[in-house]
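Build out the structure end to end from the sequences listed, making use of the hints.
There are 4 protein chains.
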Amino acid sequence: MVGYAFMGRVHSQAWRSAAAFFDLPLRPVMAALSGRDAARVTAAAAKLGWAAVETDWKDLVHRDDVQLVDVCTPGDSHAEIAIAALEAGRHVLCEKPLANTVAEAEAMAEAAGRARARGVRSMVGFNYRRVPALAYARELVRAGRLGQIRHVRAQYLQDWIVDPAFPLVWRLRRERAGSGALGDIGAHIVDAAQYVTDDLLAGVSAITETFVRERPLPEGTGRGEVTVDDAALFIGRFRGGALASFEATRFAAGRKNALRLEVNGSLGSLAFDFESMNELWFHDHAGDAAEAGFRRILVTEPGHPYAGAWWPPGHALGYEHTFTHQAADLLQAVAAGADPLPSFADGLQVQRVLAAVEESAANESRWTPVPG
Amino acid sequence: MVGYAFMGRVHSQAWRSAAAFFDLPLRPVMAALSGRDAARVTAAAAKLGWAAVETDWKDLVHRDDVQLVDVCTPGDSHAEIAIAALEAGRHVLCEKPLANTVAEAEAMAEAAGRARARGVRSMVGFNYRRVPALAYARELVRAGRLGQIRHVRAQYLQDWIVDPAFPLVWRLRRERAGSGALGDIGAHIVDAAQYVTDDLLAGVSAITETFVRERPLPEGTGRGEVTVDDAALFIGRFRGGALASFEATRFAAGRKNALRLEVNGSLGSLAFDFESMNELWFHDHAGDAAEAGFRRILVTEPGHPYAGAWWPPGHALGYEHTFTHQAADLLQAVAAGADPLPSFADGLQVQRVLAAVEESAANESRWTPVPG
Amino acid sequence: MVGYAFMGRVHSQAWRSAAAFFDLPLRPVMAALSGRDAARVTAAAAKLGWAAVETDWKDLVHRDDVQLVDVCTPGDSHAEIAIAALEAGRHVLCEKPLANTVAEAEAMAEAAGRARARGVRSMVGFNYRRVPALAYARELVRAGRLGQIRHVRAQYLQDWIVDPAFPLVWRLRRERAGSGALGDIGAHIVDAAQYVTDDLLAGVSAITETFVRERPLPEGTGRGEVTVDDAALFIGRFRGGALASFEATRFAAGRKNALRLEVNGSLGSLAFDFESMNELWFHDHAGDAAEAGFRRILVTEPGHPYAGAWWPPGHALGYEHTFTHQAADLLQAVAAGADPLPSFADGLQVQRVLAAVEESAANESRWTPVPG
Amino acid sequence: MVGYAFMGRVHSQAWRSAAAFFDLPLRPVMAALSGRDAARVTAAAAKLGWAAVETDWKDLVHRDDVQLVDVCTPGDSHAEIAIAALEAGRHVLCEKPLANTVAEAEAMAEAAGRARARGVRSMVGFNYRRVPALAYARELVRAGRLGQIRHVRAQYLQDWIVDPAFPLVWRLRRERAGSGALGDIGAHIVDAAQYVTDDLLAGVSAITETFVRERPLPEGTGRGEVTVDDAALFIGRFRGGALASFEATRFAAGRKNALRLEVNGSLGSLAFDFESMNELWFHDHAGDAAEAGFRRILVTEPGHPYAGAWWPPGHALGYEHTFTHQAADLLQAVAAGADPLPSFADGLQVQRVLAAVEESAANESRWTPVPG
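As given, the protein sequences belong to chains A, B, C and D, one line each in that order. Note that this note's numbering has the first sequence beginning at 1, numbered continuously upward. Note that this note's numbering has the second sequence beginning at 1, numbered continuously upward. Note that this note's numbering has the third sequence beginning at 1, numbered continuously upward. Note that this note's numbering has the fourth sequence beginning at 1, numbered continuously upward.
Errors might be hidden in some of the hints.
To be verified - Straight-line distance between alpha carbons at most 30 Å, and here's what the computed DSBU-like set of lysine-lysine pairs gives:
#1 LYS47/A to LYS47/D
#2 LYS47/A to LYS58/A
#3 LYS47/B to LYS58/B
#4 LYS47/D to LYS58/D
#5 LYS47/C to LYS47/B
#6 LYS58/C to LYS47/C
To be verified - What follows is a list of derived Cβ distance ranges for each label pair:
#7 GLY240/D to ALA52/C: 22 to 30 Å
#8 VAL29/B to ALA117/C: 39 to 47 Å
#9 ALA143/D to PRO302/A: 39 to 47 Å
#10 GLY240/C to ASP288/D: 41 to 49 Å
#11 ASP288/D to ALA38/B: 49 to 57 Å
#12 VAL102/B to ALA52/C: 51 to 59 Å
#13 GLY337/D to ASP23/A: 37 to 45 Å
#14 ASP23/A to ALA51/D: 16 to 24 Å
#15 GLY119/C to GLY287/A: 42 to 50 Å
What the hints contain is simulated information worked out from the structure, not anything from laboratory work. If you're wondering where the values come from, they're calculated on a predicted model, not measured in any experiment. Cβ coordinates follow ideal geometry from the N, Cα and C atoms, glycine included.
Listed below in structure tokens is the structure:
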């Protein structure tokens, strides 16, 4: 694994836990962790349970005991690391967004295609697909329970930089993060909405904004410019005809991690909020109107995706479980010689949506088709 | 009162009830009801409690015992009736949207201005301003409890025409209704959002859609074309800098009358859903983060707008009460020689927002400023 | 009508509104209002819309233009007024609790029986039966949708006397009110639970408590003793075998009018909270567990009890509507020569439950059967 | 660890994870797992991550590499195993309920006292104390934010045996489980309510019921008698004067793991439902009534108990984390030479409450004091 900050911690927990709950043909061994600072990476490896450390990710990628590389670094290094790992014949799990630019993402998708021909697998880490409630939502859509989809309403609301005194961390600098709320959390709702509806965005009209344009530097004194968006809003149309509304922001005071999705179809509707991640709200429009209403399904039943591997009904899963599910699915795909999803191509498509959003926002919100 | 369908019924209940709960300087007398069909208007007057009937609204407007005309007809007749009533020196309450076009609305606002100079009052019926929770929301905003407003999220979701077999009623025909979801319910969220935030929309980028383009005619056989929008979505910016997202639709299966508003500011946030109309959710961002959260305020306390006139705390008000509050406020303004709000000028401004939405939607979603 | 305080105000609104929304064979005329203080009753009659006043309820009862007497006084005068009215051949609507003692309630039920033989009708005002959600809940139970009922969980939580400085109003004095939370709000949940489940309590085990034993007198200076319960809790069994838990309190800080009912059966469950009075939560246990969950039914559909008389789906009703429904049902029964429900006999049975609760609480919580 | 069923699986995850998230002075080593069936315990150890296996728990207790014994068996073997382990100088974590009888629990508490004198620690596994929301609830109570506590309302609702065809598993047999819903889930709400309020139950009045008295045997054919309660309800008083209502049932259709607690005090109230385990609802009764309401606190902030060790705000924890917190706290206590809580004495006190419930239920619900 490369990187050991927030994503590294949760990925470690996933690798540590997957085999205890899922019947896996391959048992993960946490071979080595890479980071530039020797002392810090050593401490992290001890705490997170990695057997060895490397201070250069290139060495990690080429270790004999490494068969899969998990890329948990900021977006500006994804392309280089992932492509090198794929070329070295290592399977790759790469955190989202796949890259900071469409060009990088294209190169990665091409590398993934070449590697695939040699049996080397790749996956991009849109972990929210593995929330049981969202995986079950997709099942309901694919079973036709929503009928013709008319509306998609997606929001990802956070509030961690509402305070103008919050420092200029790497996520607020374009050269590291690519974009702001758009790439960080907007990418998640684009993927989640497309995944649940089994459809793709055809075009968008967008606005973006940076509310606080200067912030204190994280170390030392002085202030620096915020070079990414604080919020991005767009409306759009899916290929299948649904209208869509998306909003990603870090300025929604009181909303901590509100990834919300509502889908309305001719036969039913779904609603979800990650702040209550074990619940899916489903309205069945096909029956008697007097009995109809949004029902709160606790997605913890044996018949729900992933849930049967864990605890009895009503015993909640948490954020980290989505990564454990991701790890389990990836290992099963690798063992089966199958392609795990979402692929790098899926990650590239999301990147193209994000690029269309930025293009529209820069161009008087004009309608901008998503290529592909 | 002119008209006795849905709006006429609820306005009647308001006129009947206002004086029993509010201390009014003027006591309303329900003098006469107007409608074209003599038998039906007579039956309606008997049931709704009106003392006399007229089959021509012009006669009603000029009756000696009529001092205030309440216009409850479809939008295509608002301008003619309201202007005639104002010119006849009658105070006017006109249902929203003020008119079907900006030109009509401008003529009405001008007539209202002329009448005002003669002490004749006018008001447009955006009843949702008189939901206690929304009136209280505005108080919180004006008291600075939300700080700098960053985001407005407004939706008005209904589902009464999801079924393609639903007939082509007058609300689905442009010549009667002006527009579809946009003017009917979109107008309400535009007004409500501007009212609560005490700010105005500066510009928009929009899409609209008619999902079901032909429907059975309401009487007899055959089918006709739907000439209004089924749904309208737009993003925008307020003059004060807030980003906004609006959605009005009649295709949100399971949402019956979900007028939802969420406002995020630098010091706090508000959320409201008319389906739970006695509740306002308020997040105070100024205090200790460990204790913070959206609190469910039951807006039924004596200290809340309008609520003290009714029942003890926790005893819900309903939809019709918003009209009773409107009637009481109008009577108080008339007695005081003051201008009731929202004025026809306010109604015109909302009309301009709707027109900008339609213009943007017709023009590749391009950014379209709201004049004025 | 006798009395014009809280109950008088809401009953007046019911009489004023019923005929405008329900097709009634009899149209109520608000003939006369009675109260001891001439000035105050005159002002109340003007405001509430009563045509005449009486300062002695005996005169009201015998007026020629009075055919129905609505008793809205405190419980200590219910028996005397209601019996006199019945004997004078007036139909009677009597607020709950029917009386302050079982003996009084028995006398009233006997008087009602005698009057009934002469075609004179009587009804006790358990208005919560006419919440559409609770009436619909009963329909679901009677249709077998819950199967064998196992559990009833009923609470009525208020908080208006949490503050020890709140004065010693008449509701806190046994000689006026009969009991405290028990008779005032406990009576409502006993009736509501029995009504929804279509079953009766067989026995109870109870505790009661007066947390604040002395309070300031409402007028002048000094303090007086609180002679009623602040809270009453009991567990019990229904005749059909369900276990039950009841709690009535005025000390639940933050709960304003939380009449809550949850019923669990072998095939389904129901949950209700009057603080969200337009919602009924229904869990259908008969289907696929993966799709099951409590659904939030907005009880505002044309197919729901009472709702069709009012507004389109999703347009909330409020507290007062339960009284309007009660008035409409009573007038329909009178016109039809039928007995309205709940009868005085039903009111007596509730009184017996309350008496069993007090007996158990006074007797080491020992199991106490409910007679009858 | 002894036992590897449900509790064994979740305890294993706790031991595996604790050191990766908490800074622990001792790092747990998962030395050995014990179970009677050699093949099954070997497979479980491999899957759950235990280094060795024993088929006799006595051998496990005396292994040199075992310093702490985690007892995850049914209640009938708790006393024997825990006492043996303590006498062998091993620290002990014992699942709840501490024992099947008060006599066993007394013996265990005595053994724990003797062991403590030798520096050997013991803890009973009431894991719900380590739900961050409940730990934070206790902090609020202890900080005086609720004032004088008036009401405690506790329910633990499940539905896994609603179907009469559900088999006669060990939890439905008195000789293995001690009691039914009472000991299994009733024990949890007794502990949780006492923990949050920092007070103890003084006495109770109870009813219990077995709705389905015969069930199919789990293996083979035939039916057997259910010898435990399906549901237990009781009312009671806390030593500090609060009134309480408790209900534990496995027959609440649609409630999966609804451990609910509501506490009302003179200055505030709290509400919790484990089905939404990351939320605590807090009503502050001390401020302006117009602004007051139950606020939904997402208990995922750095300032909340345990939460800072995990993810950013709004990223949910799940059921298993309560066990990880328990493991971390136990290890910290052992390292510090301190007594972990809840102690075996605390477990014994809960057992006495359960015994009082059964005694009251067998004795006409008569008031039964809780000794001690």
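Going back to the hint list, which numbers does this structure go against?
-> 7
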